[in-house]
Amino acid sequence: MIEVKGLVKTYGPKRAVDGVTFTVKRGDILGFLGPNGAGKSTTMKMITGFLRPDAGTAKVDGVDVTVDPVAVKSKLGYLPESAPAYPEMTVEEFLGFIADVRGFRSPDAKAAQVDRAIKLTHLNPVRKQTIETLSKGFKQRVGFAQALLHDPAVLILDEPTDGLDPNQKNEVRSLIKSMAVEKAVILSTHILEEVDAICNRVIIISQGKVVADETPTQLRARKPGARIDEIFRELTRGDI
Amino acid sequence: MRQIVPIFKREFLGYFRSPVAYVFLIAFLVISVSLAFSRYGGFFRAGVAGMESYFTFFPWLFMFIVPAVGMRLWSEEKRAGTVELLFTLPVTTLEAVLGKFLAGWAFLALAVVLSFPMALTVGYLGDPDWGVIFTTYVGAILMAGGYLGVCALTSALTKNQVISFVLSLGVCAILLFLGFSSFTDTLEGVLPMAFADALANFSFITHFDAFTKGIIDPKDVIFFLSLMGFTLFLNVVALER
Ligand SMILES: Nc1ncnc2c1ncn2[C@@H]1O[C@H](COP(=O)(O)OP(=O)(O)OP(=O)(O)O)[C@@H](O)[C@H]1O
Ligand SMILES: [Mg+2]
Numbered sequence: 001m002i003e004v005k006g007l008v009k010t011y012g013p014k015r016a017v018d019g020v021t022f023t024v025k026r027g028d029i030l031g032f033l034g035p036n037g038a039g040k041s042t043t044m045k046m047i048t049g050f051l052r053p054d055a056g057t058a059k060v061d062g063v064d065v066t067v068d069p070v071a072v073k074s075k076l077g078y079l080p081e082s083a084p085a086y087p088e089m090t091v092e093e094f095l096g097f098i099a100d101v102r103g104f105r106s107p108d109a110k111a112a113q114v115d116r117a118i119k120l121t122h123l124n125p126v127r128k129q130t131i132e133t134l135s136k137g138f139k140q141r142v143g144f145a146q147a148l149l150h151d152p153a154v155l156i157l158d159e160p161t162d163g164l165d166p167n168q169k170n171e172v173r174s175l176i177k178s179m180a181v182e183k184a185v186i187l188s189t190h191i192l193e194e195v196d197a198i199c200n201r202v203i204i205i206s207q208g209k210v211v212a213d214e215t216p217t218q219l220r221a222r223k224p225g226a227r228i229d230e231i232f233r234e235l236t237r238g239d240i
Numbered sequence: 001m002r003q004i005v006p007i008f009k010r011e012f013l014g015y016f017r018s019p020v021a022y023v024f025l026i027a028f029l030v031i032s033v034s035l036a037f038s039r040y041g042g043f044f045r046a047g048v049a050g051m052e053s054y055f056t057f058f059p060w061l062f063m064f065i066v067p068a069v070g071m072r073l074w075s076e077e078k079r080a081g082t083v084e085l086l087f088t089l090p091v092t093t094l095e096a097v098l099g100k101f102l103a104g105w106a107f108l109a110l111a112v113v114l115s116f117p118m119a120l121t122v123g124y125l126g127d128p129d130w131g132v133i134f135t136t137y138v139g140a141i142l143m144a145g146g147y148l149g150v151c152a153l154t155s156a157l158t159k160n161q162v163i164s165f166v167l168s169l170g171v172c173a174i175l176l177f178l179g180f181s182s183f184t185d186t187l188e189g190v191l192p193m194a195f196a197d198a199l200a201n202f203s204f205i206t207h208f209d210a211f212t213k214g215i216i217d218p219k220d221v222i223f224f225l226s227l228m229g230f231t232l233f234l235n236v237v238a239l240e241r
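Same order as they appear, the protein sequences are chains A and B.
Take 1 as the starting number for the first sequence in our numbering and just add one per residue.
Take 1 as the starting number for the second sequence in our numbering and just add one per residue.
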């Protein structure tokens with residue numbers, strides 16, 4: 001469903017993303033790992049059509065993002081890093097706006113979509129509160145609700161569990177896992193156990209390059225008996 | 001183009017979700033009305049039933065007030081990171097630019113139209129030429145659109161609202177001053193006459209003037225509309241860069 005080929009993004013003298021290639025099939029949950037500044041968010045921004053790649057292509061469902069960005073964007077649900085949202089709106093108003101833009105214009109369809117997203121992300125207690133007054137974890141959940149509001153076929157989640165309490169982390173993980181059967185999911189994370197818990201594929205990226213692309217089991221098998229963070233350190237040594 | 005509607009709605013209602021809108025509308029009315037009654041405006045002394053003394057200050061007032069509305073249009077989205085959200089929703093850049101611009105314009109038009117009690121007062125006290133009042137309102141709203149186009153563009157260039165405000169103010173001031181004879185005279189000293197005259201054609205004052213005399217000249221309407229079109233086009237280019 002997602003095909004990424006030779007993506008490159010350069011900032012001044014620095015190659016933030018340097019020829020990243022991978023594919024994600026329906027039913028896959030791909031875990032995107034890598035040290036800070038490795039290029040995870042930049043890669044995601046190119047797949048979602050927010051940044052224009054300097055070279056390479058990203059296709060979703062066979063559609064190239066640079067050719068028909070609007071078609072790709074309507075298939076995607078995207079949670080950007082740090083979950084930006086309009087601070088002066090209430091949760092309900094904000095999700096209503098997203099529903100409007102996503103094409104749920106009739107009041108009934110809109111309310112149904114908003115209620116569903118609020119229910120899935122447990123936002124009911126704060127639905128009438130303005131987003132600027134929410135705690136970090138609740139803001140994160142609003143971002144997550146926004147991403148899955150239209151039940152998209154492809155979910156791209158940049159650090160979805162960042163800032164959540166342990167209960168919510170588990171909740172979000174099982175939610176992603178339960179939805180993934182008919183979706184393609186990419187999520188980035190710094191929690192190595194998270195990858196073990198929900199992903200069936202792992203990509204480790206270091207200095208803009210893919211250094212590992214395999215199943216969590218294969219990753220462990222690289223160094224039997226070692227902890228997963230040791231293997232991570234070994235693979236991303238170039239970044240330290 | 002149907003995506004313009006939700007973007008317009010969010011932006012327009014957004015003004016009223018914070019105290020900004022109310023502070024702005026009240027400040028605008030207080031300043032514009034007190035300028036009209038001031039010794040420079042001479043609303044009463046003029047001895048005529050008309051709105052001219054009220055509207056003469058509009059090109060000046062807009063120079064400060066429109067950047068205050070326009071500066072947040074894109075700068076705020078960039079600062080808060082919501083551009084990333086907006087441009088990963090199924091909207092084209094043009095739809096986003098138009099939706100936001102029209103919302104800002106509608107808000108400015110509302111501010112202008114809220115001065116209508118002034119016109120009613122004039123109508124109660126005397127016998128004004130309603131045609132002139134009408135054309136002046138049309139001119140003021142068109143001029144607000146021209147200013148806003150410039151401000152929307154400068155706000156797309158930076159995520160810093162202060163820079164955005166100062167930049168808009170500067171460009172608007174230039175567009176205003178081009179119409180003053182003292183300014184154009186200086187220009188004529190430096191530049192060829194024809195060129196200086198051509199520049200004077202770009203002034204807001206030159207084009208607003210006819211409206212206040214009751215004339216809707218297509219030339220003036222086209223000036224404001226094409227200024228909006230041009231700045232909005234550049235706005236799209238600046239965002240897609
Ligand atoms: N707008 C920008 N201008 C210049 N450099 C940038 C810009 N955005 C990102 N970079 C650089 O690109 C590199 C990759 O950044 P990116 O945000 O993709 O990292 P990341 O893998 O998401 O890191 P993290 O785990 O900290 O979120 C970094 O070195 C960063 O400094
Ligand atoms: Mg990141």
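No wet-lab data here; the hints were simulated from the structure.
Treat each hint with caution, since some may be false.
[What the hints assert, rightly or not] Cross-link-like lysine-lysine pairs, in silico, DSSO-like; alpha carbons within 30 Å at most:
(1) B/K159 - B/K78
(2) A/K136 - B/K9
(3) A/K59 - B/K78
(4) A/K169 - A/K25
(5) A/K110 - A/K183
(6) A/K128 - A/K59
(7) A/K110 - A/K128
(8) A/K110 - B/K9
(9) A/K75 - B/K78
(10) A/K136 - A/K110
(11) A/K14 - B/K159
(12) A/K209 - B/K78
(13) A/K14 - B/K9
(14) B/K9 - A/K119
(15) A/K5 - A/K59
(16) B/K159 - A/K136
(17) A/K136 - B/K78
(18) A/K110 - A/K75
(19) B/K78 - A/K110
[Unchecked claim] Counterexamples of contact, computed for chain A against chain B with all Cβ distances above 12 Å:
(20) K5
(21) S41
(22) T48
(23) A83
(24) D108
(25) E171
(26) V210
(27) D213
(28) K223
Everything numeric in this text was worked out from a predicted model, so none of it was measured.
Don't be surprised by glycine CBs; every beta carbon is placed ideally from N, CA and C.
Hint check results:
1. Taking the CA atoms of B/K159 and B/K78, the gap is about 5 Å. The hint holds against a cut of 30 Å.
2. Restraint check for A/K136 and B/K9: satisfied, since their Cα atoms lie roughly 27 Å apart, inside the 30 Å limit.
3. Note on A/K59 and B/K78: the hinted pairing holds, with a Cα-Cα distance of about 26 Å set against a maximum of 30 Å.
4. Taken as a hint, the A/K169 and A/K25 pair is honoured in the structure, with Cα atoms around 24 Å apart against an allowance of 30 Å.
5. For the hint linking A/K110 to A/K183, the alpha-carbon distance of about 22 Å falls within 30 Å, and the restraint holds.
6. Restraint check: the Cα-Cα separation between A/K128 and A/K59 comes to about 38 Å, which exceeds 30 Å; the hinted pair is violated.
7. For the hint pairing A/K110 with A/K128, the CA-to-CA distance comes to about 16 Å; that is within 30 Å, so the pair holds.
8. With a C-alpha separation of about 15 Å, the suggested pair A/K110 and B/K9 falls inside the 30 Å cut-off, and the hint holds.
9. Taking the CA atoms of A/K75 and B/K78, the gap is about 24 Å. The hint holds against a cut of 30 Å.
10. For the given pair, A/K136 sits about 26 Å from A/K110 by alpha-carbon distance, which is consistent with the 30 Å threshold.
11. At roughly 23 Å between alpha-carbon atoms, A/K14 and B/K159 fall within 30 Å of each other, so this suggested pair holds.
12. Under the criterion of a C-alpha separation no larger than 30 Å, the hint pairing A/K209 with B/K78 is consistent with the structure, at around 28 Å.
13. Between A/K14 and B/K9, the direct Cα distance comes to roughly 40 Å. Violation of the 30 Å bound is thereby established for this hinted pair.
14. At most 30 Å may separate the alpha-carbon atoms for a hinted pair to count; B/K9 and A/K119 meet this at roughly 25 Å.
15. With a C-alpha separation of about 9 Å, the suggested pair A/K5 and A/K59 falls inside the 30 Å cut-off, and the hint holds.
16. Note on B/K159 and A/K136: the hinted pairing holds, with a Cα-Cα distance of about 23 Å set against a maximum of 30 Å.
17. For the suggested pair A/K136 and B/K78, the alpha carbons sit about 20 Å apart, so the restraint of at most 30 Å is met.
18. The straight-line distance between the Cα atoms of A/K110 and A/K75 is roughly 18 Å, inside the 30 Å bound, and the hint therefore holds.
19. Only pairs whose Cα atoms come within 30 Å are accepted, and B/K78 paired with A/K110 is accepted, the gap being roughly 27 Å.
20. With a minimum CB-CB distance of about 20 Å to chain B, A/K5 clears the 12 Å threshold, and the non-interface call stands.
21. Not every CB of chain B lies more than 12 Å from the CB of A/S41, the least distance being 10 Å, so the non-interface label is violated.
22. The claim that A/T48 is not at the interface with chain B is violated, since a C-beta of that chain comes within 12 Å of its own (minimum 5 Å).
23. Non-interface status of A/A83 relative to chain B is broken: a Cβ of that chain comes within 12 Å, the nearest being about 9 Å off.
24. Listed as a non-interface residue, A/D108 keeps its Cβ farther than 12 Å from every Cβ of chain B; the least gap is roughly 17 Å.
25. Even its closest Cβ contact with chain B, about 23 Å, leaves A/E171 beyond 12 Å, as expected for a residue assigned away from the interface.
26. Under the 12 Å C-beta cut-off, the non-interface status given to A/V210 relative to chain B holds; the minimum distance is some 23 Å.
27. Taking the minimum C-beta to C-beta distance to chain B, about 25 Å, the non-interface status of A/D213 holds against the 12 Å cut.
28. Under the 12 Å C-beta cut-off, the non-interface status given to A/K223 relative to chain B holds; the minimum distance is some 37 Å.
In this structure, the earlier hints numbered 6, 13, 21, 22, 23 are contradicted, and the remaining ones agree with it.
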